[in-house]
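Work the whole structure out from these sequences, hints included.
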Amino acid sequence: SQTIHQWPATLVQPVGSPLSLECTVEGTSNPNLYWYRQAAGRGLQLLFYSVGIGQISSEVPQNLSASRPQDRQFILSSKKLLLSDSGFYLCAWSVRPSGRSYNEQFFGPGTRLTVL
Amino acid sequence: RKEVEQDPGPFNVPEGATVAFNCTYSNSASQSFFWYRQDCRKEPKLLMSVYSSGNEDGRFTAQLNRASQYISLLIRDSKLSDSATYLCVVNGHGSSNTGKLIFGQGTTLQVKP
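Chains as they are written, first to last, in the working numbering: chain A, 1 to 116; chain B, 1 to 113.
For the record, the hints were derived by calculation from the structure and aren't laboratory data.
Among the hints, a few may not be true.
Said to hold, decoys possible - If the Cβ cut is set under 7 Å, some of the chain B residues that face chain A in the computed set are:
| # | residue |
| --- | --- |
| 1 | Ser32 |
| 2 | Phe34 |
| 3 | Glu43 |
| 4 | Pro44 |
| 5 | Asn91 |
| 6 | Gly99 |
| 7 | Phe103 |
Stated by the list, open to error - Straight-line alpha carbon distances no greater than 30 Å define the calculated DSS-like cross-link-like pairs of lysine-lysine that follow:
| # | chain 1 | residue 1 | chain 2 | residue 2 |
| --- | --- | --- | --- | --- |
| 8 | A | Lys80 | B | Lys42 |
| 9 | B | Lys45 | B | Lys79 |
| 10 | B | Lys79 | A | Lys79 |
| 11 | B | Lys112 | B | Lys45 |
| 12 | B | Lys42 | B | Lys79 |
| 13 | B | Lys45 | B | Lys2 |
To be verified - Cβ pair distances, simulated, as ranges:
| # | chain 1 | residue 1 | chain 2 | residue 2 | range |
| --- | --- | --- | --- | --- | --- |
| 14 | A | Val12 | B | His93 | 34 to 42 Å |
| 15 | B | Arg41 | A | Gly54 | 46 to 54 Å |
| 16 | A | Ala40 | B | Gly58 | 28 to 36 Å |
| 17 | A | Val60 | B | Arg41 | 20 to 28 Å |
| 18 | B | Lys112 | A | Asp71 | 42 to 50 Å |
| 19 | A | Ser17 | B | Ser95 | 33 to 41 Å |
| 20 | B | Leu46 | A | Ala9 | 20 to 28 Å |
| 21 | B | His93 | A | Gly54 | 40 to 48 Å |
| 22 | A | Leu116 | B | Asp77 | 43 to 51 Å |
| 23 | B | Ala17 | A | Ser57 | 39 to 47 Å |
| 24 | A | Ser101 | B | Gln69 | 26 to 34 Å |
| 25 | B | Tyr70 | A | Ala40 | 22 to 30 Å |
| 26 | A | Ser67 | B | Lys79 | 39 to 47 Å |
| 27 | A | Ser98 | B | Ser68 | 39 to 47 Å |
Even glycine gets a Cβ: it sits at the ideal position worked out from N, Cα and C.
Okay, structure coming up:
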């Protein structure tokens, strides 16, 4: 069966510090991968998605970046955190779609980031 | 207009009640629909996919109305454990290769004893 891991689970960082969040998927190959952010009491905002190694698409302008160095590894980074970067960061994967149907996404447990 | 709209609630119902949530979507070309459940401070989890013919999973029934562009979720015999936020999800625009999904803001359900 497939599993998705994220770490760390919680993180408190000062403004201006760097960030690196990691996500790995097991039990599947060639997944589509996604990074979302959920601010307190808000909906999910798609930040980045990737359809393959080294292929990253950004959904919103921001001071975050993403990388996919391996098929089942997805990394979210920042060189300098802002207060507005606080939130619940979720990684998700899906089976690569075929045809016109979109597949369900499965989420990792998330990282709760507080920037002070 | 938001691409996926839901009444945020909260819906406060007693145990055993039947409750229904609706969700509207803006893109008439949408092909894939889902309901997710999110517990407080947890990740969203897939509750069920929504098929054109409607589908049922135990106490949960999902229906799709393409003409009116809305999706519904019916929960019968509510349990305390059903208390959560329910997210309506529709596929995103553009190539299906991306697999992008659009999540609604969610509807909060609180089941009281």
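Point to revise | Enumerated hints in conflict with the structure, sorted upward | key: Per hint list: 10, 15, 21, 24 and 27 violated.
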